[in-house]
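Given the sequences, and given the hints that come with them, work out the whole structure.
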Amino acid sequence: MKPLFRSIPTTDLRIALLACLALLLHGCGGGGGGGVAPPPVPPTAHLVTISWAANHERAVEIDPGGGYIVNIPGQAPITCLVTGFGAPCTSAHSVQLTLMTGVYNVTVTAFSALNAPGSTTGSRSAPSTIPVLVP
Amino acid sequence: MKTRKLIMARAFALALAASGLLIATLGFSSGTGTNQIAMKNVPSQPYVPDELLVKFKAGVSIASQAQSLASLGTTKLATLSQPGWTHVKLPASLGVPQALAAYAGDANVEAAQPNYIYHLTAVPNDTNYVQQWALNNTGQAITTAPQPGTGTLYPTNNPPGTSRGDLDIQPAWDHITDCSSVIVAVVDSGVNYNNTDLAANMWNGNATHGMSFVGGTTDPMDLNGHGTHVAGIIGAAGNNGTGTTGVCWKATIMAVRVADPAGSLTSATAAAGIDFAVSNGAKVINLSFGGPAFDPVLSNSISNAQLKGVIVVAAAGNEGVNNDAGATPTYPCNYTQANVICVAALDQAFQLASFSNYGALSVDVGAPGTNILNTWAGTSAQIVAPLNTGWTFSPPSGGWTPATYSDATTPPTPILIDPPTWPGGLYNNGTDDRAYQTVNLTGVNSAVLSGAANINLLAGDSFNVAYRAAGGDPFDTLAGGTVVGSLTNLATPLPPPLAVWLLTPVDISPCIGATCSIGVQLLTNASGQAAGLALTSADIQTLTLNNPTSENTLKGTSMATPHAAGVAAMVMAYNPADTYQEVVNAVKLGGRAVAALAGKTTTGRAVDALGAVAYINPPTGLSASVQ
Chain Z
-18 MKPLFRSIPT TDLRIALLAC LALLLHGCGG GGGGGVAPPP VPPTAHLVTI
32 SWAANHERAV EIDPGGGYIV NIPGQAPITC LVTGFGAPCT SAHSVQLTLM
82 TGVYNVTVTA FSALNAPGST TGSRSAPSTI PVLVP
Chain L
26 MKTRKLIMAR AFALALAASG LLIATLGFSS GTGTNQIAMK NVPSQPYVPD
76 ELLVKFKAGV SIASQAQSLA SLGTTKLATL SQPGWTHVKL PASLGVPQAL
126 AAYAGDANVE AAQPNYIYHL TAVPNDTNYV QQWALNNTGQ AITTAPQPGT
176 GTLYPTNNPP GTSRGDLDIQ PAWDHITDCS SVIVAVVDSG VNYNNTDLAA
226 NMWNGNATHG MSFVGGTTDP MDLNGHGTHV AGIIGAAGNN GTGTTGVCWK
276 ATIMAVRVAD PAGSLTSATA AAGIDFAVSN GAKVINLSFG GPAFDPVLSN
326 SISNAQLKGV IVVAAAGNEG VNNDAGATPT YPCNYTQANV ICVAALDQAF
376 QLASFSNYGA LSVDVGAPGT NILNTWAGTS AQIVAPLNTG WTFSPPSGGW
426 TPATYSDATT PPTPILIDPP TWPGGLYNNG TDDRAYQTVN LTGVNSAVLS
476 GAANINLLAG DSFNVAYRAA GGDPFDTLAG GTVVGSLTNL ATPLPPPLAV
526 WLLTPVDISP CIGATCSIGV QLLTNASGQA AGLALTSADI QTLTLNNPTS
576 ENTLKGTSMA TPHAAGVAAM VMAYNPADTY QEVVNAVKLG GRAVAALAGK
626 TTTGRAVDAL GAVAYINPPT GLSASVQ
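Protein chains in written order, with my numbering: chain Z, -18 to 116; chain L, 26 to 652.
Keep in mind the hints are simulated off the structure, nothing from the lab. Just so you know, even glycine gets a beta-carbon here, dropped at the ideal spot from N, CA and C. No false leads were mixed into what you were given.
Stretch by stretch, here's where chain L covers chain Z in the computed footprint (C-beta under 8 Å, at least three residues):
no., stretch
1, 34 to 41
2, 84 to 93
3, 101 to 115
Put into structure tokens, the structure is as follows:
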């Protein structure tokens, strides 16, 4: 009768144990359980395009002085005039710029030169918001 | 140093532009050899975004001027009449603030400024505009009396009004006065389309400027006056040197007649009128009427209007109650479709009018609704029937009897009573008491009978009202008499004081002529007795279509509603691409906060024409792509 198990040499056993330990440590890399943190992923720059639909108000879209203001956290406000826009506005209804890794709550506000009651600086809409995830 | 100043100026200009502020002027002195930049902010004003006015220093050659212009990519549009000034166009990449900053560093340039935009200040020249506090509240007293029988002036805060407590429409007229691209349907008692202030602003989709769903005619001529007044508030021709002005100086008013001369309408006529308006292109519908019942047929018509992008503006009601309370809703105000705007009435001090309904959940905005002067259908008159003389009685005695009533609060007043022992006695069983008299209604176009009575009747006994064009007994229906009203099972408190039951006005226009007889009847059965009747007033309201320049001063949420409807048309005409929801937002949210409306309406705001026109809806369709 042959034994059911083959005997394993001691050297082979040590190698196997080391390999298992290495695997175990590697598997803990995702965090939790007191494992070793992986090296941080360096933030990377991405080209982001944000666009929106044209408003229906003539004071925004047709009359002089209308346009949109794009607010991105950490950035200077971007003004896109309907008549006459420049970078980073790629049109009156879109901006394109580079953002680093992160989550940005971007707001777009429409404005016009038509003074609301009591105002001498035109009118503004309430802002519309879109979250932008930059990986 | 020079370079640093230029950079600073550019940075400041860019910062101002980014923050949304506008640089109004940027001038800098000449003659020192270096640019001494003086920037000052004045109240900003719209300017042409891609143009500038530039003044070159004296002695700068044409070639040097061209070089300065070319350095920024600008092109010369014209030379102004003032020495040294040039009108230039900026390249697309350069905004006005940036260009101003750049020219600040140009040694050839003495001054530069935006090409500001101005507007004509619009005030209409209509002769009675001074009485239209709703459009221009100067604190004036409104003294133009209502036509006979159509009400009284609202005394509270008349004067003093609140200066500028109005629709804020004069600054809005700087931007738009012509709403004629938007059809506004007045679903009401009709419109006198021949009124001088309305004729030019009527819808011409058919020969009669609309449609009638009452009176067996398709002609929407107004035989009440209410609809003509509503139409004038929306679109009486403005700046035509006569009469009044509407919210819109030019308009397209569709007359949709759904109410009879007495102002009565039904589910069927109202729904038919709304459906007609929608299917014939109306984009705003004014509904200055209401009732307490949720009416599925009317609601369906409003839903159909919503599907077609049509705004419905409805009156809050004139009972002075909370529409949110379960017992006192008012429809169509209380319908919840998103295309409905419900309007309460404000007085001359922008207080909620005492009669105006309200509701923090159902009434949206307020608008002027007291002492409103505008167009009327013709000449109104009131014929008061004498109650103590002129009657024919059947039987000649023992039934209806002339009498005089007075108590501590009531001066001696002629009344007509049955039984003769009223209020202390009881009427007879099995009686048919009639009283009638002849009224001359020659030459009028409509006649409405109304009145008041103290009534105590058991079930099975009745008080009836009738007319007959040929004269004689109006209860002889076989001879042409028509019974137009019947009441039973009522118990009005007996005097003193003299409490009365108001009789619903009824249209008796078929009785027009010289021999019209009107009558009252007490008809009782064989059992049971009560105190009977005291007729305390009976009058006939007439309207004669004999004056195309007639006007009237009325109060009610009926009058507040067309102010909002007119502003809705104004916004829709100004922003033709707007959806109905965007216009509704502009009317509601573009209004200004009014303390008297806080907690009384959904917005706490009064309609503000400029605010509505200037209102900007939040941008839509935001998307982002990341590469």
